[in-house]
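**Student:** Okay, here's what each chain looks like letter by letter:
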Amino acid sequence: SAVISQKPSRDICQRGTSLTIQCQVDSQVTMMFWYRQQPGQSLTLIATANQGSEATYESGFVIDKFPISRPNLTFSTLTVSNLSPEDSSIYLCSVTGTGLYEQYFGPGTRLTVT
Amino acid sequence: AQRVTQPEKLLSVFKGAPVELKCNYSYSGSPELFWYVQYSRQRLQLLLRHISRESIKGFTADLNKGETSFHLKKPFAQEEDSAMYYCALKDSSYKLIFGSGTRLLVRP
Numbered sequence: 756s757a758v759i760s761q762k763p764s765r766d767i768c769q770r771g772t773s774l775t776i777q778c779q780v781d782s783q784v785t786m787m788f789w790y791r792q793q794p795g796q797s798l799t800l801i802a803t804a805n806q807g808s809e810a811t812y813e814s815g816f817v818i819d820k821f822p823i824s825r826p827n828l829t830f831s832t833l834t835v836s837n838l839s840p841e842d843s844s845i846y847l848c849s850v851t852g853t854g855l856y857e858q859y860f861g862p863g864t865r866l867t868v869t
Numbered sequence: 034a035q036r037v038t039q040p041e042k043l044l045s046v047f048k049g050a051p052v053e054l055k056c057n058y059s060y061s062g063s064p065e066l067f068w069y070v071q072y073s074r075q076r077l078q079l080l081l082r083h084i085s086r087e088s089i090k091g092f093t094a095d096l097n098k099g100e101t102s103f104h105l106k107k108p109f110a111q112e113e114d115s116a117m118y119y120c121a122l123k124d125s126s127y128k129l130i131f132g133s134g135t136r137l138l139v140r141p
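Those protein sequences? They're chains A and B, same order as listed.
Every number in the working numbering is 755 more than the matching position in the first sequence, counting from 1.
Every number in the working numbering is 33 more than the matching position in the second sequence, counting from 1.
Calculated from the structure, these hints are not laboratory results.
Heads up, a few of these hints could be off.
Simulated restraints on C-beta separations [claimed, not checked]:
id	chain 1	residue 1	chain 2	residue 2	range
1	B	Pro141	A	Asn805	44 to 52 Å
2	B	Pro108	A	Thr772	49 to 57 Å
3	A	Ser843	B	Arg76	14 to 22 Å
4	A	Thr811	B	Gly49	43 to 51 Å
5	A	Thr772	B	Met117	27 to 35 Å
6	A	Thr775	B	Glu41	34 to 42 Å
7	B	Lys90	A	Phe830	26 to 34 Å
8	A	Asn805	B	Ile89	25 to 33 Å
9	B	Pro141	A	Pro826	45 to 53 Å
10	A	Leu828	B	Arg74	25 to 33 Å
11	B	Leu43	A	Gln777	33 to 41 Å
12	A	Thr867	B	Ser125	34 to 42 Å
13	A	Thr772	B	Phe47	47 to 55 Å
14	B	Arg140	A	Asn805	40 to 48 Å
Anything over 10 Å on all C-beta distances counts as not near chain B; from chain A, calculated [said to hold, decoys possible]:
id	residue
15	Lys820
16	Ser839
17	Val868
Below, a sample of chain A positions facing chain B; criterion: calculated Cβ distance under 8 Å [unchecked claim]:
id	residue
18	Met786
19	Ser797
20	Thr803
Even for Gly, the Cβ is constructed at its ideal location relative to N, Cα and C.
Input sequences plus hints: build the corresponding full structure.
**Tutor:** Rendered as structure tokens:
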């Protein structure tokens, strides 16, 4: 299984600012995803991070608000821009290995916007 | 539309009682289904996947295509089973669609 780390683990940000979250995997992985878990809610997929090309966003999520980078097979970043209190959530990185059978999740980044 | 439904937000049972966490899905294709678990202060982790037909920590889940269900069962609940359980469906592009989750509380 893949070991995934995320930085920061939590942050408190002011309205209007941005936060960049890093996801690092200990091995090369095929696919990387970013999810959001709003308070008391389930996980919702934001986008698929594609290596060397633009991310693929789900309905309701746009690149201007959630720019994503994936420069190589072990690293990705998610930026949450122009923060508002509604962005307060846990953001999770997940990866699928070469077998594409299972997804492994990072520990999450808890964002609070004041 | 692809959807995963977990009708119960909270399931409370006594230790030693049987447990069944319900999951129904809607998917136009051959589904691949999973159960994920999140214990307190821990990350989300895979519990079961239907294609492996295994039993993990005493839990089993059988895919019933006729009823479009993938219920999670355990004959005798333990206190350490208390956690948040999510049913998830993997679509053809390897994305996971999650249900809303069921919190299982096992009382002593």
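**Student:** Hints first: check each against the structure and report whether it holds.
**Tutor:** Tested hints:
no.: 1; hint: B:Pro141 - A:Asn805: 44 to 52 Å; result: 48 Å, holds
no.: 2; hint: B:Pro108 - A:Thr772: 49 to 57 Å; result: 51 Å, holds
no.: 3; hint: A:Ser843 - B:Arg76: 14 to 22 Å; result: 19 Å, holds
no.: 4; hint: A:Thr811 - B:Gly49: 43 to 51 Å; result: 47 Å, holds
no.: 5; hint: A:Thr772 - B:Met117: 27 to 35 Å; result: 30 Å, holds
no.: 6; hint: A:Thr775 - B:Glu41: 34 to 42 Å; result: 37 Å, holds
no.: 7; hint: B:Lys90 - A:Phe830: 26 to 34 Å; result: 33 Å, holds
no.: 8; hint: A:Asn805 - B:Ile89: 25 to 33 Å; result: 32 Å, holds
no.: 9; hint: B:Pro141 - A:Pro826: 45 to 53 Å; result: 50 Å, holds
no.: 10; hint: A:Leu828 - B:Arg74: 25 to 33 Å; result: 30 Å, holds
no.: 11; hint: B:Leu43 - A:Gln777: 33 to 41 Å; result: 34 Å, holds
no.: 12; hint: A:Thr867 - B:Ser125: 34 to 42 Å; result: 36 Å, holds
no.: 13; hint: A:Thr772 - B:Phe47: 47 to 55 Å; result: 48 Å, holds
no.: 14; hint: B:Arg140 - A:Asn805: 40 to 48 Å; result: 46 Å, holds
no.: 15; hint: Lys820; result: 19 Å, holds
no.: 16; hint: Ser839; result: 24 Å, holds
no.: 17; hint: Val868; result: 22 Å, holds
no.: 18; hint: Met786; result: 6 Å, holds
no.: 19; hint: Ser797; result: 5 Å, holds
no.: 20; hint: Thr803; result: 7 Å, holds
Going down the numbered hints, you'll see the structure goes against none, and every one checks out.
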